[in-house]
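Asker: Residues per chain are reported as follows:
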Amino acid sequence: MANIDERNVLKNIFSYFLLILLAVVILVPFFIGIWTSFLPTADILKGNYFSTNISLTNYIDAFTNTPILRYLGNTIVVATITMFAHLLFCSMSAYAFVFLDFKYKKFFFALFMITMMLPSEAAIIPNFQTVKALGLLDHYSAMIVPSLTSAFGTFMLRQSFMQTPKELKEAADIEGLNHFQIFWKVVLPYNRISLITLGAYSFLGAWNSYLWPILVTFSNNSRVIQNGLKQLQSEETFNNWGMIQASAAIIVIPTILVLFIGQHYFKSGLNEGAVK
Amino acid sequence: MSTLLTNVCKQYDQGKTVLKNVTAEIETGEFFVIVGPSGCGKSTLLRMIAGLTQISDGEISIDGQVVNNLPPKDRNLTMVFQSYALFPFLSVWDNVAFGLKARKHDQSEVEERVNNALKMVNLEDLKDRKPRELSGGQRQRVALARAVASDAKICLMDEPLSNLDAQLRIKMRQEIYALQRKLGITLIYVTHDQVEAMTMADHIMVLHDSKVQQIGTPAEIYKTPANEFVAGFFGVPPINILYATKISDKAIRVNNDFQVDLDQTVTEKELKVGIRPNELIVEKADELSANATVQNVEFLGDEKIVYATFSNGNEVSAIVPSDAHFDMFENIKITSTNNVLLFNQDGINVTANREDLINA
Amino acid sequence: MLKTSATDVIPEKKVEAKQKSKFKLTANDKYYASIFAGPSLFLLGLFVFYPMFRTLYISLFLTNTFGNTTLFVGLENYVKLISSPDFVSSMWVTLVYVVGVTFFTIAMGLLLANLASQKLPGIAIFRTLYSVTMGVSVSVAAIFWLFIFNPSAGFFTLLTKMLNLPTINWLANPTNAMWAIIITTVWMHLGFVFLVFLGAIESVPTTLYEAADVEGVSKHYQFFHITLPMISPTLFFISTITIIGSFKSFGLIDLITKGGPTNATNMLVYRIYNDAFFGGNYAKSSAEAIILTVIIAFFTYLQFKFLEKKVNY
Numbered sequence: 001m002a003n004i005d006e007r008n009v010l011k012n013i014f015s016y017f018l019l020i021l022l023a024v025v026i027l028v029p030f031f032i033g034i035w036t037s038f039l040p041t042a043d044i045l046k047g048n049y050f051s052t053n054i055s056l057t058n059y060i061d062a063f064t065n066t067p068i069l070r071y072l073g074n075t076i077v078v079a080t081i082t083m084f085a086h087l088l089f090c091s092m093s094a095y096a097f098v099f100l101d102f103k104y105k106k107f108f109f110a111l112f113m114i115t116m117m118l119p120s121e122a123a124i125i126p127n128f129q130t131v132k133a134l135g136l137l138d139h140y141s142a143m144i145v146p147s148l149t150s151a152f153g154t155f156m157l158r159q160s161f162m163q164t165p166k167e168l169k170e171a172a173d174i175e176g177l178n179h180f181q182i183f184w185k186v187v188l189p190y191n192r193i194s195l196i197t198l199g200a201y202s203f204l205g206a207w208n209s210y211l212w213p214i215l216v217t218f219s220n221n222s223r224v225i226q227n228g229l230k231q232l233q234s235e236e237t238f239n240n241w242g243m244i245q246a247s248a249a250i251i252v253i254p255t256i257l258v259l260f261i262g263q264h265y266f267k268s269g270l271n272e273g274a275v276k
Numbered sequence: 001m002s003t004l005l006t007n008v009c010k011q012y013d014q015g016k017t018v019l020k021n022v023t024a025e026i027e028t029g030e031f032f033v034i035v036g037p038s039g040c041g042k043s044t045l046l047r048m049i050a051g052l053t054q055i056s057d058g059e060i061s062i063d064g065q066v067v068n069n070l071p072p073k074d075r076n077l078t079m080v081f082q083s084y085a086l087f088p089f090l091s092v093w094d095n096v097a098f099g100l101k102a103r104k105h106d107q108s109e110v111e112e113r114v115n116n117a118l119k120m121v122n123l124e125d126l127k128d129r130k131p132r133e134l135s136g137g138q139r140q141r142v143a144l145a146r147a148v149a150s151d152a153k154i155c156l157m158d159e160p161l162s163n164l165d166a167q168l169r170i171k172m173r174q175e176i177y178a179l180q181r182k183l184g185i186t187l188i189y190v191t192h193d194q195v196e197a198m199t200m201a202d203h204i205m206v207l208h209d210s211k212v213q214q215i216g217t218p219a220e221i222y223k224t225p226a227n228e229f230v231a232g233f234f235g236v237p238p239i240n241i242l243y244a245t246k247i248s249d250k251a252i253r254v255n256n257d258f259q260v261d262l263d264q265t266v267t268e269k270e271l272k273v274g275i276r277p278n279e280l281i282v283e284k285a286d287e288l289s290a291n292a293t294v295q296n297v298e299f300l301g302d303e304k305i306v307y308a309t310f311s312n313g314n315e316v317s318a319i320v321p322s323d324a325h326f327d328m329f330e331n332i333k334i335t336s337t338n339n340v341l342l343f344n345q346d347g348i349n350v351t352a353n354r355e356d357l358i359n360a
Numbered sequence: 001m002l003k004t005s006a007t008d009v010i011p012e013k014k015v016e017a018k019q020k021s022k023f024k025l026t027a028n029d030k031y032y033a034s035i036f037a038g039p040s041l042f043l044l045g046l047f048v049f050y051p052m053f054r055t056l057y058i059s060l061f062l063t064n065t066f067g068n069t070t071l072f073v074g075l076e077n078y079v080k081l082i083s084s085p086d087f088v089s090s091m092w093v094t095l096v097y098v099v100g101v102t103f104f105t106i107a108m109g110l111l112l113a114n115l116a117s118q119k120l121p122g123i124a125i126f127r128t129l130y131s132v133t134m135g136v137s138v139s140v141a142a143i144f145w146l147f148i149f150n151p152s153a154g155f156f157t158l159l160t161k162m163l164n165l166p167t168i169n170w171l172a173n174p175t176n177a178m179w180a181i182i183i184t185t186v187w188m189h190l191g192f193v194f195l196v197f198l199g200a201i202e203s204v205p206t207t208l209y210e211a212a213d214v215e216g217v218s219k220h221y222q223f224f225h226i227t228l229p230m231i232s233p234t235l236f237f238i239s240t241i242t243i244i245g246s247f248k249s250f251g252l253i254d255l256i257t258k259g260g261p262t263n264a265t266n267m268l269v270y271r272i273y274n275d276a277f278f279g280g281n282y283a284k285s286s287a288e289a290i291i292l293t294v295i296i297a298f299f300t301y302l303q304f305k306f307l308e309k310k311v312n313y
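Chains as they are written, first to last, in full-length UniProt numbering: chain A, 1 to 276; chain B, 1 to 360; chain C, 1 to 313.
Calculated from the structure, these hints are not laboratory results. Please note that a few of the clues may not be correct.
[Said to hold, decoys possible] List of simulated lysine-lysine pairs, DSSO-like, C-alpha gap at most 30 Å:
(1) C:Lys30 to A:Lys185
(2) A:Lys105 to C:Lys305
(3) A:Lys11 to C:Lys119
(4) B:Lys333 to B:Lys223
(5) C:Lys258 to A:Lys132
(6) C:Lys161 to C:Lys258
(7) B:Lys171 to B:Lys182
Because the structure is a prediction, the values reported are computed rather than measured.
Please work from the sequences and hints to get the whole structure.
Answerer: Quick look at the structure:
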């Protein structure tokens, strides 16, 4: 009979083998993408992945010959404003649903819940017409205004606000604070983890949105990064893969760094959001 | 046919020692309680017997077979967890049947064993309920039924009653005791509650500071504690420990105050004396003859506990008849019978009659 | 994870509310409520409810190329859709994609989470590596994989050449193109799903496994009879959001296959987009949008119902 030690060693070797194998499978697209971004396109097209002509040429090309920095800037502006708008409007409406008493509260909350069931993809035609009528086409605001608030964000913050100890609010009531003060000085600070989580969601959501920006932006002045890469790809008539990979790397590396730094927050936020 | 622990040690990688040289023999069919304050390593010891935690050094053998490296399932034992470890998505019946089904016993045998186990703990009527629909005591019984159904000869329990309220605890205590006697299994039971240990155990192991302090029957542990710690751990209110000096071969002065004449000769000049609260004699006294002041009096029904401080500030508690009347801050005179325990400076019991009972 | 929920708190709130109204403490709440909830309600009304009704309205008419309604036709647009083999095949394609993505995402996510939940030295490195695709956006995923699928210089082509296997043209063959899209989607979602599953698995009380260990239950049996039932709420949550997400898939299709070859990956949202903004057929597109809405609403509703009950046990 094998003893615990020997069996554990065997089992662990097998576990590590699987862990490493899967890590390789998952990371291969990254490795290839980032590795080829350092190679000349000519070598890539010949299938010569082990070329030694490593250089930053593709990156320099991407920065100087394409509007990628402009795309990045546009995206950061849109995503940041969307994030702050979500934090403000969602926390305000969540506050109303938790701490205020008003007529038809249940009805209004049901409206919010129904909103979460409706896909924005199905609303693109009238929304396009609305944005066009407001004269926002090809502006940052075309991407920002329709998503200033979020039903999901309201719902998520409501769940979190409901767990704010009642005593905190009652103590504030006794101190004679009004609702704006309670909101700003008690509820928001107490729920900052949820706010950070929502902020991250909103930022990433705006960063990743693809369909709506492609409809409402036509020029490099307002085009965001997700559409921009498609633009680069379709403009590059002779398949400049080296530069395209470099542009992809330019976008993905900062995101992944941010993700690793914020991993702790994100993970706890995910689980909270998941089953609450 | 017993469970033997020989010099069992546990150290964690960071070098923290949890258990040091634990040696004990647990006889087949006995109710063996491991007791100690929290953090003394008692749960670790139990988990090592179960095989859930690897031992660092020493040897554990069950029925003559060294099990150090055997996985839990090959040790033929069962365990009841503090949290009961019930599967929330299974009914009571399926919870009890879980292990049996997993090991692919045949259908009729599983049914028979589960039904018998549920009958044994009076849960037949609730067999279709989910754990969340049960009270704390009922959940406890499901966990017991699971142990019963497994048919293992050794059952380990890790603080099984600590999640129950006081009344239920007393009831379950009796049920567990009756069950152990009826099934004739070896029960190794971990608790921090000295009352549980005293009321149920055949033998008690007292753990403290990673070391075994004493192993003995409840009576031995109470009457002849190995040291100051054991003496202080058992008994409510706890034993009073006071300093004493030798004044003659057979007499000591306690707390630099009253004299106690002993049946034995004392060798140490300076020692500690342990006096159970019911061995203290409390009398009303005038200011001149008084040696203590009443701080508080608790009425317990047929007796009262008097908490007092000596003039030098040492605190004691004494049990007096419930018709004795003492007021707060009243002056009293405290003396003692000669039924006391003597400890040397290191806290080791040096009371004379100890030799007869040592290692019993 | 499960101890708090809306239903736990609401009854208390009710009691409180009753007491409050008696003392008229909340008289001013109406005014505050309109300030706090007003902006969000207005925005949702304008950009969610209005367009929903508008889309429904358009779908009952014929439209001109400017998107203006011309003739009321009732449900005719829907009838036309359902009887068009083109649309039916699109629905099939969408369904295959949704089922494929959901199945492989969950299977892979569970496998990774289960492996990474072991207590082994250095496991934190693998947890980080497995969650890495969370930082990948649609366009980056598309570019990385487009290159891998590239018929002349792509990684897969190179690999098959090295192993002397026949090369597969990933994006030119309908079945392969569907696989390509499914693989890319699964890869992109895997990081997120992995992290959620890992969190769920780690929150299963360890005593449950210990109790099973003592009873001699195999690890394999433990996974299917303890881990899976214990994380079933999360499993359900991930299933529904993956189903919803893949029904709404657009970016990857637009970037990788453009619906082709021969409509083999022309899914619902891509159709809505094409019919309206390239075909100029707003009525048809609106009818498709309403069908999408019904599907999404159904799955979201399912999820709400489930969350309300919290758990299945």
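Asker: Hints first: check each against the structure and report whether it holds.
Answerer: How the hints compare with the structure:
For the hint pairing C:Lys30 with A:Lys185, the CA-to-CA distance comes to about 21 Å; that is within 30 Å, so the pair holds. For the suggested pair A:Lys105 and C:Lys305, the alpha carbons sit about 20 Å apart, so the restraint of at most 30 Å is met. For the suggested pair A:Lys11 and C:Lys119, the alpha carbons sit about 12 Å apart, so the restraint of at most 30 Å is met. Distance check on the hinted pair: B:Lys333 and B:Lys223 sit about 26 Å apart at the alpha-carbon level, within 30 Å; holds.
At most 30 Å may separate the alpha-carbon atoms for a hinted pair to count; C:Lys258 and A:Lys132 meet this at roughly 26 Å. At roughly 27 Å between alpha-carbon atoms, C:Lys161 and C:Lys258 fall within 30 Å of each other, so this suggested pair holds. For the proposed pair B:Lys171 and B:Lys182, the alpha carbon gap of about 17 Å is at most 30 Å, so the pair holds.
This entry satisfies every hint, going by the numbered hints stated previously.
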